[in-house]
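Visitor: Protein chains in written order, with this note's numbering: chain A, 8 to 338; chain B, 7 to 282; chain C, 404 to 721.
Hints listed in this document are in silico derivations from the structure and should not be mistaken for laboratory results. Keep in mind that a hint or two might mislead.
[What the hints assert, rightly or not] In silico EDC-like pairs for lysine to aspartate or glutamate, Cα to Cα no more than 16 Å straight-line:
| id | chain 1 | residue 1 | chain 2 | residue 2 |
| --- | --- | --- | --- | --- |
| 1 | A | K290 | A | D266 |
| 2 | A | K102 | A | D18 |
| 3 | C | K415 | A | E165 |
| 4 | C | K641 | C | E618 |
| 5 | C | K720 | A | D302 |
| 6 | A | K89 | A | D18 |
| 7 | A | K160 | C | E618 |
| 8 | A | K102 | A | E83 |
| 9 | A | K43 | A | E83 |
[Unchecked claim] To be clear about the criterion: a stretch of chain C counts as covered by chain A if any three or more of its residues have a C-beta under 8 Å from a C-beta of chain A, and this derived list gives those stretches:
| id | segment |
| --- | --- |
| 10 | 541 to 553 |
| 11 | 566 to 577 |
| 12 | 653 to 665 |
Where is the CB? At the ideal position from N, CA and C, for every residue including glycine.
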Amino acid sequence: MKDNVLATIQDLRIDVRVTRRIRLRIVDTASLTIQKGQLLGLIGESGSGKTMLCRALVGTLNRRGAYIESGSIDFEGIDLVKAKKKDWRNIRGHKIGYIPQSALAGPNPVMRIGAQLAEAINQSGKKPSDEVRRRALELLELVQIRRPEVVLKQYPYELSGGMKQRVMIACAIAQNPKLIVADEPTTGLDVTVQAEIMELLRSIRKEFDTSIILVSHDLQLINSVCDDIVVMHAGATIEKVPSSKVTAALHPYTHALYDSRIDLVEPRGKLRTIKGQPPSVGKWPTGCRFADRCDFVKDVCRTTDPTPFAQVNENQWSACIRHKEIYGGAK
Amino acid sequence: MIKRIRDYAALPGGFGIIVGVSMFLSITVIGFARPIFIPYAPDELVGDGLAAPSWQHPFGLDQLGRDMLSRVLAAVPADIGVAFLGVSIPLFIGTLIGILLAFAKNKVFLSLVGSIIDGINAFPLLIIAIAMVTFLGPGLFNVVIILALMNWARYARIARTRAQIVLRENYVEAARLMGYPRRKIIFKHVTPNVSSETLAYALSDFILVIVIISGLSFLGLGARPPAAEWGSMIADGRVFLGEAWWITVFPGLALCWSAISISLIVEGLSRRDRAS
Amino acid sequence: MKLKLNTPLGRKIFGRTIRAFSISFWVMVIAFALMRVTPGDPASARLGAGAEEEAIEALREQLGLNVNPFQQFINYIRDLSQGDLGTSLVSGLPVGEIISKTFPLTLTYIAFSFFFAFLISIPIGVLIGWSNKASWVYSFRTFTSVVIATPNFFIAMVAILFFSVQRDWAPVFGYEPGFPGNMKYLWLPIAINTLILVSIISRVLLASVIDTRSEEFVETGIIRGVSRIRFFWFYILKPSLAPTIVLMSYMAGTMLGATVILETIFSLPGIGRELVGAVLASDYPVVQGILIFFGVITVFLSFFGDLFAYLLDRRVKL
Chain A
8 MKDNVLATIQ DLRIDVRVTR RIRLRIVDTA SLTIQKGQLL GLIGESGSGK TMLCRALVGT
68 LNRRGAYIES GSIDFEGIDL VKAKKKDWRN IRGHKIGYIP QSALAGPNPV MRIGAQLAEA
128 INQSGKKPSD EVRRRALELL ELVQIRRPEV VLKQYPYELS GGMKQRVMIA CAIAQNPKLI
188 VADEPTTGLD VTVQAEIMEL LRSIRKEFDT SIILVSHDLQ LINSVCDDIV VMHAGATIEK
248 VPSSKVTAAL HPYTHALYDS RIDLVEPRGK LRTIKGQPPS VGKWPTGCRF ADRCDFVKDV
308 CRTTDPTPFA QVNENQWSAC IRHKEIYGGA K
Chain B
7 MIKRIRDYAA LPGGFGIIVG VSMFLSITVI GFARPIFIPY APDELVGDGL AAPSWQHPFG
67 LDQLGRDMLS RVLAAVPADI GVAFLGVSIP LFIGTLIGIL LAFAKNKVFL SLVGSIIDGI
127 NAFPLLIIAI AMVTFLGPGL FNVVIILALM NWARYARIAR TRAQIVLREN YVEAARLMGY
187 PRRKIIFKHV TPNVSSETLA YALSDFILVI VIISGLSFLG LGARPPAAEW GSMIADGRVF
247 LGEAWWITVF PGLALCWSAI SISLIVEGLS RRDRAS
Chain C
404 MKLKLNTPLG RKIFGRTIRA FSISFWVMVI AFALMRVTPG DPASARLGAG AEEEAIEALR
464 EQLGLNVNPF QQFINYIRDL SQGDLGTSLV SGLPVGEIIS KTFPLTLTYI AFSFFFAFLI
524 SIPIGVLIGW SNKASWVYSF RTFTSVVIAT PNFFIAMVAI LFFSVQRDWA PVFGYEPGFP
584 GNMKYLWLPI AINTLILVSI ISRVLLASVI DTRSEEFVET GIIRGVSRIR FFWFYILKPS
644 LAPTIVLMSY MAGTMLGATV ILETIFSLPG IGRELVGAVL ASDYPVVQGI LIFFGVITVF
704 LSFFGDLFAY LLDRRVKL
C-alpha cells in the first residue's frame, strides 16, 4: 500500500507577509496523501486555505507574498518545500500539471491557442515544430475540441468558457504529468459545461492513470466525482473520508456541509445552513476552530488543539476529539 | 477637529488629499487677501528695476521696479479664478449635453452632435485655443470663452459614455419598466452617477486648464500687460533670466504650487478609490 | 498580409478606418467654422479700424469671404480635396509649402522624444510594477504627478537657467539645420519632452503591469516554466502594452500642442513657432491650415495607435 503513494503533505503551515512585520497564518497544519491514479477532492469554504495549498504544490506561493513556514511536501521522494528554482523546472508541467481557477482568465489573452499549447508541449524549446503541432492537435482532440486546426489559430477571446477550460486541461496534460492540480476548474461555467469538464477529468484519470486533486467548495460535486474527500476548515485539514462513506463522516463540520446541500430540502422546507461565519483568517481560536459553530460543542473542545487530524480507521481521518462520543465510533 | 483630520490622514490617500487641499487653500486665501498685508499695488513702481530679493521685497522687483511678491499674489484671481471658470462652465455644459445625448432618440441629431464632439476633441486643446485667439483676439476674458466653446466636448464624451452605462444598469432598467417618469430617472440615478465622473475629470482638467491659461499668456495670447499673470510674468523674465532669475522663478513656483496641490488631491482620491 | 473585408478583423478595421475619415471631415468643418462664426469680420479686424473700404473688400475676396457661406464651404472643400490649404497673407507662400518646410524639424525632435521616452519607460514601468512594492509605486507616482503638473515652459526656463545662462551648453538662439550640428540646439527640448513623456507613459505602463501581475494566466505561465525572455514578453509586457500604445498615440497630439511653446522658447523654426507667428500676424490661412494639419494628424495617429494596440492585444476595443 505504501509504495502506491504519489505525494504526501505533512503538517504544512503557510504564512503570508502582510506588512514588513505582520505575518498572517493562512494554512495551519494541513496534511494529506494522494495515491497514484487517485481523484482526490479538496473541499472547504472560501478562506479555508485550499487555494494556498494548491499553490504550495506548484511552487507559486511567493508570488502573493506567502511562504511555507513549516511542514513538508513529499512528491516521489523529492521535498517540494526545499525545491530550488532549477528543481521546479523539472517538476512543473513534467510531473505536476495545473488547471487554473477561473476558466475565463486562464489562457493568455495575447497568445494564440496554438502558441500556448506549444509552450506547454515544448518547454525545452527543442522539439521540431511539426512534432509539436501534431501533439497539439492530438491534445485538442483528447479534450474533445471540435475543429482543432481552427482553434489552434484562434485567440482566447474567440472561445467559450468551456472551450477555454478544455484548452487549459490540454495544456496541463501535455507532458503526461503524474499529478494534476485543478483549482476550482469549473467556476463561472454553466452547470452542463461543468458536468462535461468533470467527465473529461475523470476520463483523463482513467486513460493515463494520473492523480488529480480537485478543489471545490461544492461537496455534492466532489462527492459525485472523487474517490476520497479531504475537508479543510480554517486552514486545517479536518477530515479525510472516502466519498462512498461521506454520510458516515466523523466530523460535525463535514456533516454540516453535507446537510446544507440544497437538494435535501423538501418542497417548502427550510434550508439548513451552518450557523455563524467561519473564523476569519488569522483570528483562529485556540482549541477546535469549528467550536463556535458546532452543535456538539463542550468546554473541552475549546481548550484542546485537535490538529493534526488523527487516523480513525483504515481510510478515515478526523480532527474531532469527540467523534467517538458523537458518532459512536465508525465501522 | 484635529483628531478628525488625523483620522482622515490615516486613510489610504488621505494624507495627500489633506496636503493638497491645504496647499490650494493657502495660495487662494493669501492671493485674495493680498491687499490686507502687502503694502504695494501690483502695478506700482516701488524702486529700481531688477532689484534682487530683500527683506523689504522678498521676491525682488521686476524690470520696471514693481514688487514681485505683490504681482505673484495678484495673479491668483487671474490664474486660479479664470481656471475655475474655464473648468466649471465646460463641466456644466458638457455634463448636460452628455446626459441629453444618452437619452436622445433622433438619429440625425445624435450623429451630428457626436461628430462635432469627436471633431473638437481631435484637436489638441492648446492648439485650438491658440487658433481661436486669432479670431477673438487676446485677453483673459476671451480665454474663458474659448475654453467654454472647446472644452465642453471632452466632458460631454465622458458624460455620454457614463450615462449610457448607467441606463443599462439593472436598477435603472427596472425603474424604466415600472414606468417611472423619465425626469425622475434622470435626476435620481443618472445625474448623480454621471456628475461624480465628470467632476473627477474636472479636477485633473483643472491642472491642464491652468497650464493652458498661463501657456497662452506666456505666448502673449492670454493676459495682456499690465495685468499680473504668472505665464506672462515668466515670459517677461525670459529676457532677464541671467541677471534677474526671480522674475521667472517665483511666478513659476506659484504656478507649480497650484497645479501640484490639485494633482496631490487627484492622486490621493485615486489611491482611495483603489483601496476600497 | 492580405486583408479580407469579410472576416471579423477586416470588418473591424474597415469600420475604424471609416470613422477616422469621418472625424477628419469634421475636423475640416470645425476649422472652417471657427473663422466664420466668431463675431466680427476677419478682414476688417486684420486691417484695423482705419483701413479703406476697397482694401477690406480685396482682402475679403482673397480670403474667399465675399460669397455666401454655403458657397464658401463648397469652395473650401474643393480646395482641400486638391491639397490646397490656401496662401499666406504675410509671405504669399502656399500654406502647404510652409507646413512641409517647418514640420520636419518638429517631427524630428518629437520622434526623438518619443523614442527615448519609450525606451526609458519600459524598464521603469515593468520593474516598479512587477515588484508591486507599495512604497516604490507611491513615491514614483507622486514624483511623476509633480512633473506632470509642472508646465513645460517653466521646466524649460529652469533648464535654460542651468544649461544656457550659467553654462553655455544649450544655445537658445540661432538654430542651424543639418545633423549633427542641430543636436546642439535640440538636445535640451528633446530632454524636456522626454522627461514629461516618461512621467506620463511609465505611469500608465506601471498601472497595467500591476493589473497584469495579478492575472490568472501569469500563474499558468510560471507553472508552465516558460523561458525568461518569453515570459517577459508574452506574460508581462505584451499583455500590459496596449493601454500604453493608445496613450502614446493620444499624447502625440498633446505633444504637438506643447511644441508651440517649446519652439518659441528655444527659437526653433518649427511648425509651432510658425503657428504663433501666424496668430500674432492674423495670418488666417496659415492658422487654419496648420489647425487642419494638426487635427488630421491627431486623428490618424490615434487610429494607428488603436489599430496597433488591437493587433497586439485583442482585448482592446476598436
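Visitor: Now tell me, hint by hint, if it's right for this structure.
Guide: Hints, verified against the model:
1. K290(A) to D266(A): Distance of about 26 Å is beyond 16 Å: violated.
2. K102(A) to D18(A): violated, 23 Å
3. K415(C) to E165(A): This hinted pair holds, its Cα atoms lying about 15 Å apart.
4. K641(C) to E618(C): Cα-Cα ~13 Å, so holds.
5. K720(C) to D302(A): Since the Cα atoms of K720(C) and D302(A) sit roughly 54 Å apart, the hinted pair is violated (cutoff 16 Å).
6. K89(A) to D18(A): holds, 15 Å
7. K160(A) to E618(C): violated, 23 Å
8. K102(A) to E83(A): holds, 10 Å
9. K43(A) to E83(A): holds, 10 Å
10. 541 to 553: violated (count 0)
11. 566 to 577: Contact hint for the segment 566 to 577 of chain C vs chain A: violated, 0 residues under 8 Å.
12. 653 to 665: Violated: only 0 residues of the segment 653 to 665 of chain C have a Cβ under 8 Å from chain A.
Hints 1, 2, 5, 7, 10, 11 and 12 from the list above are not met by this structure, while the remaining hints are.
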